[in-house]
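Participant: Listed below, chain by chain, are the residues.
Number of protein chains: 2
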Amino acid sequence: MELNVERDSYLFINFALGSRYVSKTATKSVSEFEYDAPSMKTAVPGPKSQELLRQLGEIQNVGAVHFFCNYEESRGNYLVDVDGNRMLDVYTQISSIPIGYNHPALMKVMTNPNNVSTFVNRPALGILPPENFPDKLIESLLSIAPSGMRRVQTMACGSCSNENAFKTMFIWYRNKERGYANPSEHEVDTCMINQSPGCPDLSILSFMGAFHGRTLGCLATTHSKAIHKLDIPSFDWPIAPFPKLQYPLEEFVRENAQEEARCLEEVEDLIVKWRQKGKPVAGIVIEPIQAEGGDNHASPDFFSKLRNIARKHGCAFHVDEVQTGGGTTGKFWGHEHWGLDDPADVVSFSKKLLTGGYYHRDELKPDKPYRIFNTWMGDPSKNLFLSEVLNVIRRENLLEVVTRSGKALLQGLYTLQTQYPHILSRARGQGTFCAIDACNDATRDSIMIKARNKGLFMGSCGEKTIRFRPALVFKEYHVHQLLNILNDVLAEHK
Amino acid sequence: MELNVERDSYLFINFALGSRYVSKTATKSVSEFEYDAPSMKTAVPGPKSQELLRQLGEIQNVGAVHFFCNYEESRGNYLVDVDGNRMLDVYTQISSIPIGYNHPALMKVMTNPNNVSTFVNRPALGILPPENFPDKLIESLLSIAPSGMRRVQTMACGSCSNENAFKTMFIWYRNKERGYANPSEHEVDTCMINQSPGCPDLSILSFMGAFHGRTLGCLATTHSKAIHKLDIPSFDWPIAPFPKLQYPLEEFVRENAQEEARCLEEVEDLIVKWRQKGKPVAGIVIEPIQAEGGDNHASPDFFSKLRNIARKHGCAFHVDEVQTGGGTTGKFWGHEHWGLDDPADVVSFSKKLLTGGYYHRDELKPDKPYRIFNTWMGDPSKNLFLSEVLNVIRRENLLEVVTRSGKALLQGLYTLQTQYPHILSRARGQGTFCAIDACNDATRDSIMIKARNKGLFMGSCGEKTIRFRPALVFKEYHVHQLLNILNDVLAEHK
Numbered sequence: 001m002e003l004n005v006e007r008d009s010y011l012f013i014n015f016a017l018g019s020r021y022v023s024k025t026a027t028k029s030v031s032e033f034e035y036d037a038p039s040m041k042t043a044v045p046g047p048k049s050q051e052l053l054r055q056l057g058e059i060q061n062v063g064a065v066h067f068f069c070n071y072e073e074s075r076g077n078y079l080v081d082v083d084g085n086r087m088l089d090v091y092t093q094i095s096s097i098p099i100g101y102n103h104p105a106l107m108k109v110m111t112n113p114n115n116v117s118t119f120v121n122r123p124a125l126g127i128l129p130p131e132n133f134p135d136k137l138i139e140s141l142l143s144i145a146p147s148g149m150r151r152v153q154t155m156a157c158g159s160c161s162n163e164n165a166f167k168t169m170f171i172w173y174r175n176k177e178r179g180y181a182n183p184s185e186h187e188v189d190t191c192m193i194n195q196s197p198g199c200p201d202l203s204i205l206s207f208m209g210a211f212h213g214r215t216l217g218c219l220a221t222t223h224s225k226a227i228h229k230l231d232i233p234s235f236d237w238p239i240a241p242f243p244k245l246q247y248p249l250e251e252f253v254r255e256n257a258q259e260e261a262r263c264l265e266e267v268e269d270l271i272v273k274w275r276q277k278g279k280p281v282a283g284i285v286i287e288p289i290q291a292e293g294g295d296n297h298a299s300p301d302f303f304s305k306l307r308n309i310a311r312k313h314g315c316a317f318h319v320d321e322v323q324t325g326g327g328t329t330g331k332f333w334g335h336e337h338w339g340l341d342d343p344a345d346v347v348s349f350s351k352k353l354l355t356g357g358y359y360h361r362d363e364l365k366p367d368k369p370y371r372i373f374n375t376w377m378g379d380p381s382k383n384l385f386l387s388e389v390l391n392v393i394r395r396e397n398l399l400e401v402v403t404r405s406g407k408a409l410l411q412g413l414y415t416l417q418t419q420y421p422h423i424l425s426r427a428r429g430q431g432t433f434c435a436i437d438a439c440n441d442a443t444r445d446s447i448m449i450k451a452r453n454k455g456l457f458m459g460s461c462g463e464k465t466i467r468f469r470p471a472l473v474f475k476e477y478h479v480h481q482l483l484n485i486l487n488d489v490l491a492e493h494k
Numbered sequence: 001m002e003l004n005v006e007r008d009s010y011l012f013i014n015f016a017l018g019s020r021y022v023s024k025t026a027t028k029s030v031s032e033f034e035y036d037a038p039s040m041k042t043a044v045p046g047p048k049s050q051e052l053l054r055q056l057g058e059i060q061n062v063g064a065v066h067f068f069c070n071y072e073e074s075r076g077n078y079l080v081d082v083d084g085n086r087m088l089d090v091y092t093q094i095s096s097i098p099i100g101y102n103h104p105a106l107m108k109v110m111t112n113p114n115n116v117s118t119f120v121n122r123p124a125l126g127i128l129p130p131e132n133f134p135d136k137l138i139e140s141l142l143s144i145a146p147s148g149m150r151r152v153q154t155m156a157c158g159s160c161s162n163e164n165a166f167k168t169m170f171i172w173y174r175n176k177e178r179g180y181a182n183p184s185e186h187e188v189d190t191c192m193i194n195q196s197p198g199c200p201d202l203s204i205l206s207f208m209g210a211f212h213g214r215t216l217g218c219l220a221t222t223h224s225k226a227i228h229k230l231d232i233p234s235f236d237w238p239i240a241p242f243p244k245l246q247y248p249l250e251e252f253v254r255e256n257a258q259e260e261a262r263c264l265e266e267v268e269d270l271i272v273k274w275r276q277k278g279k280p281v282a283g284i285v286i287e288p289i290q291a292e293g294g295d296n297h298a299s300p301d302f303f304s305k306l307r308n309i310a311r312k313h314g315c316a317f318h319v320d321e322v323q324t325g326g327g328t329t330g331k332f333w334g335h336e337h338w339g340l341d342d343p344a345d346v347v348s349f350s351k352k353l354l355t356g357g358y359y360h361r362d363e364l365k366p367d368k369p370y371r372i373f374n375t376w377m378g379d380p381s382k383n384l385f386l387s388e389v390l391n392v393i394r395r396e397n398l399l400e401v402v403t404r405s406g407k408a409l410l411q412g413l414y415t416l417q418t419q420y421p422h423i424l425s426r427a428r429g430q431g432t433f434c435a436i437d438a439c440n441d442a443t444r445d446s447i448m449i450k451a452r453n454k455g456l457f458m459g460s461c462g463e464k465t466i467r468f469r470p471a472l473v474f475k476e477y478h479v480h481q482l483l484n485i486l487n488d489v490l491a492e493h494k
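If you're matching them up, the sequences are chains A and B in order.
Last residue of the first sequence: 494 in the numbering used here, with the numbers rising by one and none dropped.
Last residue of the second sequence: 494 in the numbering used here, with the numbers rising by one and none dropped.
Only chain A is shown next, with the shape it has when bound in the complex:
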C-alpha cells in the first residue's frame, strides 16, 4: 500500500498555522478548457435549485438532492450549478466522472459521425453484438484487465455487475460440487420453484461496513448503513468484521496487524460455521478500500492472507473495484497495491469505467449460454467513451498526476488535523482516494455545507467521514484550492 507519503515534510510547508495555503503551482497554466477557481454567487442550494427541488419533489423523493446542475457550463474539476455557482468538485457524481466535466476528448466522441449509430441503436449484446464489439473490448476493457484475467462481461451498472459476479461464483461452485456433470432432473425441477437443491443454500461472505450495491443479492452483502437495508428481505449469509485500523498506518503497524489477524481468524470460523449450517460459502466479496462504509483501509498482507483463505476453502475471491477502480488510488486497480500475482478470481467495476461489468478467470466462465444474460448486457456507447478516457489517462499520465496530487492532499490533511485536532482526525488515503474524520456527524455535515458555500463540494461516508473523490485530472493546483477553502472553514469553526 503506497501510504509512505513524505509525511514529515508537512512541517516545512511554507505557511503558518491558521494561515492560507500558498499554491506552489499557481504559476502553472491550467488546462485551457477549465476554469481557474471556484466562484460563488449564492448560498447553495440557491433560489433556482430550490424552485427545481420543489418541482422534482412532485415526482420523486428529493431528500438526497444537493442542488441542480448546469452541466453545459461545468468544466474539468469545476461543477456549475443552476444559480451560477462554480464549485471545485471533489465528489464527482459519487466518484463516477473519470476525467472531469466536458473533457474535449469526450466531446469529440459525440461529434464523430462514425459513432452516431452506436448511440442510436442500443443492441442486445448477448445475441447481436456490433461488428466492432470484440475490438472495442480489446482496446478498452481488456487493455486494463487485472492480472490473470482475459475474460470480461459488461453490465449496465455496479449492482448488476456484482449480482452477475455472484451468480458466476455460484454456478462455478455448484459445477465443482457436481464434478461438472449435468444437473439432475430433481435440480432442474426444484430450481423452477426456488427450492434446494436446484436453488442451493449457498452464501457469499461479506464484511461489516461493506457496500456492494442495493439490489437484493448485493444488499445481502452490504452492511454500511441501516437506511439501505431496513425492511428489505435478505439472505442468511456470513458477515465478517473488517479490520478497524488506526491511522497513520505506519505508526500502528503492530496494533493493526493484530486487528487484521483477529478478522482473518473470524473469516475462517465463519466459513466453517456456514458450511456446517449447510450454507457453504461460494465466494468472498471485498472492497480494496471500504468506501461508503467510511473509507476503511487494510494492509496488502491482510488481503494476501484473505485470498489464501479463499483458496484454501474453495471459495471464489471477488474484489469489488466499483469505487476503487479506474485510477483513483494511483494504480488502475486498487488491488494492484497488494503486489500479488494472483489477486482475485473476479473483479467487478463500474462508475469511472462508465460501463459496469466484471472480469473473471477462465475457470469461472459460464458453462452454458443464457446463464449470465439480460437484454442489454451493457451499452457499447459507454465503451466508446471508456476507450477515449483510457487514451487520455495514458496520454496525460494521469496515474502519476493522481499519485502526486494524492500525496499533496494527504499531506495537507495531516497538517489540518494537526492544526485542528479537536475537529479532525484519522486522515488516510491512497492516491487521491482520501478521507478524514470529523469529531462527530453534525460537525462533519456543517463543515461540508460551509465548504460548499465557499465553492468546495465534497462527499461524506461512514458515520462522520469526509471523503475526497476528485477526478483523475485533479492537479496539485486544485489540491491547494481545496486545502485553502477547508482551512478557512476550519478557522471559522475554531
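To be clear, the hints were calculated from the coordinates, so they are not data collected in a lab.
Among the hints, a few may not be true.
Copies of one chain are not kept apart here, so a pair can be met inside one copy or by any two copies together.
As the list claims (entries may be wrong) - DSS-like mimics (lysine-lysine), calculated; alpha carbons at most 30 Å apart, straight line:
(1) K225 to K279
(2) K176 to K48
(3) K368 to K48
(4) K331 to K108
(5) K464 to K365
(6) K108 to K136
(7) K305 to K273
(8) K273 to K312
(9) K225 to K365
(10) K312 to K368
(11) K48 to K365
(12) K454 to K279
(13) K244 to K464
(14) K176 to K225
(15) K136 to K41
(16) K136 to K368
(17) K108 to K454
(18) K331 to K277
(19) K450 to K108
(20) K368 to K464
(21) K279 to K312
(22) K312 to K365
We have chain A; now place chain B onto it with these hints.
Facilitator: Structure of chain B alone, referenced to chain A:
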C-alpha cells in the same frame, strides 16, 4: 383485451392455400429512410460473423450470439449483418428497439449540440440532477404515466427497475405494519446483519412461467426456464399457477374462465398460507402477457379479480410492463386493455422505453431519502431519446399502425395454422405482440433458422413458441413480407 380481430375475414384473403401472400399495400411508398425488402448474401451466420464469434469467444461465452451486426447500415425494420445480409427484424433486440434502426428523429438528437453535455457528463441523478430533469420527466415519462400515477423513478435497466419496485413495496408494507412509526432500535440493529425483524421475512407472489429479470431478487420471481435459475440461491416466496388458456380466446371463453378461476383461488390460498408461514406477501408481480415464458395471455377479468385480491389482502399490485409497455400491444401499456380505473400500484418498464424505471402511486413513495438510491439512477441521455420516440409515436400515429399491423399479422398466423395444422397452432396476440406455437422445439428452431436464411429474423420463447416483437414502425407491408417468407419456409417443411 382487444383480441376481437376480424378473424373470420382471413378466409377471404385473396390467396389460395399454399400460395404466397399478395401484399395489399405494395403500392404504398416505404418510408424514405428504410429499405424495401430483405436481401440475403450468405447463410447466417456468414463467414465474417463466424470469425468474429471466434474472436469474441476468447472473451465471453458466445453460445447465445446469433450473428454480428452492421448497425450503421441497418434501417427501420431491417437489420443488416456483417456479411451484408439484410433481414426483416421482428425480434428488435429482444423487443427493445421502439421505432426501428437509425430513425432520422433519433439521429437528430445526436447531432443537436445542445444535447452533447447530457451524453458526456452522466450525473448522479439522485443527488445532482441536471437543470432540465423535471421538465424532461414531465415531457417524456409523465406524459405517458399509467392511470392514477404521478410519480416515477428511473433506473438503468429492467432488472434494477423490478428490484427497486420490490424494495418500494417492502418498505411500504413494513411502514403500514409499523403504523408509520420510526423503526425500533432492534430493527435497525438486525437489518445490518441480514436478520429479522430489520430484514423481515416478506415475500413477493409471482406466477409460474413469469419472467421479471435475473438479479437475485428478480430471479426469485422468475419461473420461465431452468437455465436462468439453476444453482442460484433464492427466496422461499409463493408461486401461483398462471392460467393456461386455450386459443383463440373467443372460442374457449367458458373453459378459460374456469382455468382463470382455478388460478385465482390458488393465489388467495398462497397468500393465506404464506402469511401463516410468517412470510406475508407484500406484493404481487405479474406481466400483462407472459413473454419469455411463452406468450401466455389472460383475460381482463382475470387481472381485474387479481387486482381486487391484492387489495383485499393488503398486498401491493405490481404490473411488470418491461416487455409489454411502449405501444407494442396497440395501447401504450399492456394493462390499459383491462379497462380498469385503478389497475396497479406499481408499473415497471424498460426496453422500448430506452430507460428503465417504475411508476408508483403516491402512497408508495419512499418515506426517506437514500432508501431507493444508487449512483446513476437511470441515464438522462436515454430520456432525451425517449422524448423523441414519443414525438414520433404521436406524429406517426404508431399505436394505430400497431393495431392495424397486429390485426393483419394475427389474421395471417391464423391462416398459416389452418394451412399447416400439423406444424403450427395456438396463434395469439395483442397488437403486434403476437406468437404461434410449433409442434415441438426442434421444429420451431428449424423454422426460425430457415426463415433467417430467407431474410426473416424472429425470436423464440417458452418451449416451442415463435414470438413476434417488431418495432412500432412495422407496417402491413412488412406483415406481408413476414408472412410470405414464413409461408415459403412452411411449404418446404411440408
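Participant: Each of the hints needs a verdict: does it hold here or not?
Facilitator: We went through each hint and held it up to the structure:
Proximity of K225 and K279 under a CA criterion of 30 Å is satisfied in both settings, with 25 Å inside one chain copy and 24 Å between copies. With identical chains, the CA atoms of K176 and K48 are never at most 30 Å apart, being 59 Å at best within one copy and 36 Å at best between copies. Proximity of K368 and K48 under a CA criterion of 30 Å is satisfied inter-copy only: 23 Å between copies versus 53 Å inside one chain copy. In this assembly of identical chains, K331 and K108 lie within 30 Å of each other by CA distance solely inside one copy; the values are 26 Å within and 40 Å between copies.
Taking the closest pair of Cα atoms, K464 and K365 come within 30 Å of each other only across two copies (28 Å); inside a single copy the shortest separation is 41 Å, beyond that limit. Within a single copy, K108 and K136 get their C-alpha atoms as close as 17 Å, and across copies as close as 25 Å, so both meet the 30 Å cut-off. Proximity of K305 and K273 under a CA criterion of 30 Å is satisfied intra-copy only: 19 Å inside one chain copy versus 47 Å between copies. With identical chains, the CA atoms of K273 and K312 are at most 30 Å apart within one copy only, with a shortest distance of 15 Å there and 43 Å across copies.
Only between protomers do K225 and K365 lie at most 30 Å apart by alpha-carbon distance; the minimum there is 20 Å, versus 33 Å within a single protomer. In this assembly of identical chains, the alpha carbons of K312 and K368 lie at most 30 Å apart only when taken from the same copy (27 Å versus 43 Å across copies). In this assembly of identical chains, the alpha carbons of K48 and K365 lie at most 30 Å apart only when taken from different copies (25 Å versus 51 Å within one copy). When the C-alpha separation of K454 and K279 is checked against a cutoff of 30 Å, the pair qualifies neither within a copy, at 52 Å, nor between copies, at 51 Å.
Within a single copy, K244 and K464 get their C-alpha atoms as close as 15 Å, which meets the 30 Å cut-off; across copies the closest is 56 Å, which misses it. When the C-alpha separation of K176 and K225 is checked against a cutoff of 30 Å, the pair qualifies only between copies, where the shortest distance is 22 Å, while the shortest distance within a copy is 35 Å. Within a single copy, K136 and K41 get their C-alpha atoms only as close as 43 Å, which misses the 30 Å cut-off; across copies the closest is 26 Å, which meets it. Taking identical chains as interchangeable, the C-alpha atoms of K136 and K368 lie at most 30 Å apart only when both belong to the same chain, with a minimum of 24 Å there against 41 Å between chains.
In this homomeric assembly, K108 and K454 never come within 30 Å of each other (Cα to Cα): the closest approach is 33 Å inside a single copy and 40 Å across copies. With identical chains, the CA atoms of K331 and K277 are never at most 30 Å apart, being 40 Å at best within one copy and 51 Å at best between copies. Within a single copy, K450 and K108 get their C-alpha atoms no closer than 37 Å, and across copies no closer than 43 Å, so neither meets the 30 Å cut-off. Within a single copy, K368 and K464 get their C-alpha atoms only as close as 46 Å, which misses the 30 Å cut-off; across copies the closest is 20 Å, which meets it.
In this homomeric assembly, K279 and K312 come within 30 Å of each other (Cα to Cα) only inside a single copy, at 17 Å, whereas the closest approach across copies is 37 Å. With identical chains, the CA atoms of K312 and K365 are at most 30 Å apart within one copy only, with a shortest distance of 21 Å there and 47 Å across copies.
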